[in-house]
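Colleague: Sequence:
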Amino acid sequence: MSRRKVANLLALAVLAYLGRAPMHPYELSKTLRAHGDDRSIKFTHGSVYMVVEQLVKAGLIAEQETSREGQRPERTVYGITPDGRAELQEWLRDLVGTPRHEYPAFGSALSLVSALHPDVVVELLRQRLVLLEEQRAAAAALAEAATPHPLFLVEEVYRQGLLEAEIAFVHRFIEQITDPATGWGPMWAAYHDTQ
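Mapping of the sequence shown onto UniProt numbering: position 50 corresponds to residue 50, and the numbering continues sequentially without gaps.
Please keep in mind that the hints were generated in silico from the structure rather than gathered at the bench.
Heads up, none of these hints are tricks.
Within a straight-line C-alpha distance of at most 25 Å, the following computed PhoX-like cross-link-like pairs (lysine-lysine) qualify:
#1 K57 <-> K5
#2 K57 <-> K30
#3 K42 <-> K57
#4 K30 <-> K42
#5 K42 <-> K5
On a predicted model such as this, the values are computed, not experimentally measured, just so you know.
Full structure from sequences and hints, please.
Modeller: Encoded structure:
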């Protein structure tokens with residue numbers, strides 16, 4: 001993977017939407033929210049404007065026109081450049097084709113979970129299961145309601161798969177902690193009881 005001129009995922013989304021049609025930053029922000037991209041990319045209206053500036057400096061998008069309606073401030077419409085279109089294609093190919101370790105917060109917490117008493121961990125994991133089930137149901141409802149085609153919400157189908165895998169993992173982890181045959185719970189509790 002080559003080093004990107006602008007490397008955050010919001011920039012990728014901006015390139016993708018400007019590849020469809022020129023827009024001004026506020027319209028981009030509204031479009032991102034309307035299409036549900038805020039479920040997979042963290043952003044604010046301000047961060048969209050900042051990314052647009054970075055993409056202009058990198059030559060990946062360019063001003064197309066500036067207009068004013070009544071007393072409103074000027075609005076500059078941006079469009080993708082040929083270099084931006086090439087960057088979009090290359091970047092997406094890289095992300096889709098190359099797996100990466102992403103450092104999820106839950107994985108980090110699991111690496112340190114022995115600092116908590118196992119009874120507390122089991123309680124927290126059961127709480128997590130309830131929330132994961134709710135998230136899975138919401139993702140399933142979104143994917144099923146997709147119009148005109150589920151392809152346009154494929155990220156929710158992916159999210160469902162991740163949630164199902166995490167739910168299965170959490171169930172197994174609870175069993176490993178609570179099943180006397182594994183010895184995990186008693187050994188772990190004994191460690192905390194001596195602290």
